[in-house]
Amino acid sequence: MNELSSDQELVRRAKAGELEAFETLAGRYERKVYSLARRILRYEQDAEDVTQQTFLSALEHLEGFREESSFSTWLLRVATHAALKVIRKRKGLPTVSLEANSEPQEDYDTVPHPEYIADWRESPEELVSRNETARLIDEALSELDEKHRVIFLLRDVEGLSVKETADALGLSEANVKVRLLRARLQLRERLTRQFGDPARQFEPHQHTEAN
Amino acid sequence: MKCEELLAMLNEYVDGGVDPGVCEQFEKHLAGCNPCQVVVDNIRKTITLYKEGQPYELPVQFRERLHSALRAKWLEKRGTN
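Here the protein sequences line up with chains A and B, keeping their order. With the first sequence counted from 1, adding 2 to any position gets you this note's numbering. With the second sequence counted from 1, adding 182 to any position gets you this note's numbering.
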């Protein structure tokens with residue numbers, strides 16, 4: 003029964019005191035939360051801590067969940083906050099913030115231009131299915147700095163909207179958009195250097211200075 | 183439209199958020215610019231690649247720990263079920 007129930011139904015029953023409904027929800031989203039945490043934090047142990055904190059916090063604050071977003075978006079938001087806290091702690095910084103306004107070079111003028119441009123030798127489906135290439139894909143993501151990585155994960159992997167991503171991180175939508183563009187371009191550059199076909203390479207056009 | 187302008191609108195184009203007039207200009211540029219065509223295709227594939235990626239499995243022992251922690255917390259907060 004539980005397995006077929008909608009999230010909304012399960013949330014309602016959990017709020018009414020049914021532990022089994024809450025456990026079904028946890029079972030449904032634990033891999034999603036854990037994967038997000040693993041991809042943000044890289045280390046298994048940190049990802050476990052964040053996953054546990056996320057579900058404990060969801061349990062604690064369930065009554066306060068007003069269902070303005072989906073349960074899954076709400077969980078991912080809680081998980082992102084917990085993961086960012088771990089990052090701050092690692093860096094010895096006191097507050098959780100992705101430095102919304104302190105970046106001087108966050109506009110479109112400074113978005114890096116594509117340098118290595120080539121058709122890929124294989125389809126994305128083929129590339130994700132082999133261990134060796136799957137590892138390169140993970141590595142490329144882990145090489146992004148976290149403020150780009152987190153946005154790419156929430157928006158492109160988890161499918162949050164720009165607004166939901168902005169809300170989750172306390173950033174403006176404009177900020178999310180420009181960081182997402184940078185993240186995508188950086189990943190494209192790295193992956194194309196790995197997966198691009200040198201026989202089908204194109205030189206970028208000359209970029210003249212605007213005005 | 184120049185390559186730079188196309189680059190600034192790449193997200194909106196790939197995500198389907200540009201208005202039809204701009205979209206037309208975008209596609210006109212693409213039709214005559216191989217490098218931009220390939221960049222757009224690379225970007226789409228990059229996104230697909232990560233979307234298609236498999237989620238990590240929870241280590242079995244951790245999964246057990248997690249669920250018993252949740253049950254304990256539930257009982258502490260709500261009493262018996």
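Derived by calculation from the structure, the hints in this document are not laboratory data. Glycine included, each C-beta is placed from N, C-alpha and C at the ideal position. One or more hints might be untrue.
Said to hold, decoys possible - Mimicking DSSO-like on lysine-lysine, the simulated pairs with C-alpha atoms at most 30 Å apart in a straight line are:
1) Lys184/B <-> Lys91/A
2) Lys87/A <-> Lys210/B
3) Lys93/A <-> Lys17/A
4) Lys91/A <-> Lys34/A
5) Lys91/A <-> Lys255/B
To be verified - Derived coverage of chain A by chain B (criterion: at least 3 residues anywhere in the stretch with Cβ under 8 Å from a Cβ of chain B; other residues may be distant):
6) 24 to 36
7) 73 to 82
8) 165 to 172
To be verified - Pairwise CB distance ranges (calculated):
9) His207/A <-> Cys205/B: 37 to 43 Å
10) Asp223/B <-> Gly19/A: 51 to 57 Å
11) Asn216/B <-> Glu145/A: 24 to 30 Å
12) Leu138/A <-> Val204/B: 49 to 55 Å
13) Pro217/B <-> Lys17/A: 53 to 59 Å
14) Ala213/B <-> Gln196/A: 27 to 33 Å
15) Arg260/B <-> Leu6/A: 32 to 38 Å
16) His249/B <-> Glu117/A: 23 to 29 Å
So, going through the hints one by one against the coordinates:
1. Lys184/B <-> Lys91/A: Answer violated: Lys184/B to Lys91/A is near 44 Å, above 30 Å.
2. Lys87/A <-> Lys210/B: Answer violated: Lys87/A to Lys210/B is near 46 Å, above 30 Å.
3. Lys93/A <-> Lys17/A: 37 Å, violated
4. Lys91/A <-> Lys34/A: 23 Å, holds
5. Lys91/A <-> Lys255/B: Within the cut-off at roughly 25 Å; holds.
6. 24 to 36: Held - the stretch 24 to 36 of chain A has 7 residues with a Cβ nearer than 8 Å to chain B, which meets the minimum of three.
7. 73 to 82: violated (count 0)
8. 165 to 172: violated (count 0)
9. His207/A <-> Cys205/B: 37 to 43 Å: With Cβ atoms ~21 Å apart, the hint is violated.
10. Asp223/B <-> Gly19/A: 51 to 57 Å: 52 Å, holds
11. Asn216/B <-> Glu145/A: 24 to 30 Å: Given a distance of about 28 Å, which is inside 24 to 30 Å, the answer is holds.
12. Leu138/A <-> Val204/B: 49 to 55 Å: 35 Å, violated
13. Pro217/B <-> Lys17/A: 53 to 59 Å: Since Pro217/B and Lys17/A have Cβ atoms about 54 Å apart, the given range 53 to 59 Å holds.
14. Ala213/B <-> Gln196/A: 27 to 33 Å: 28 Å, holds
15. Arg260/B <-> Leu6/A: 32 to 38 Å: 25 Å, violated
16. His249/B <-> Glu117/A: 23 to 29 Å: Hint violated: Cβ distance 48 Å, outside 23 to 29 Å.
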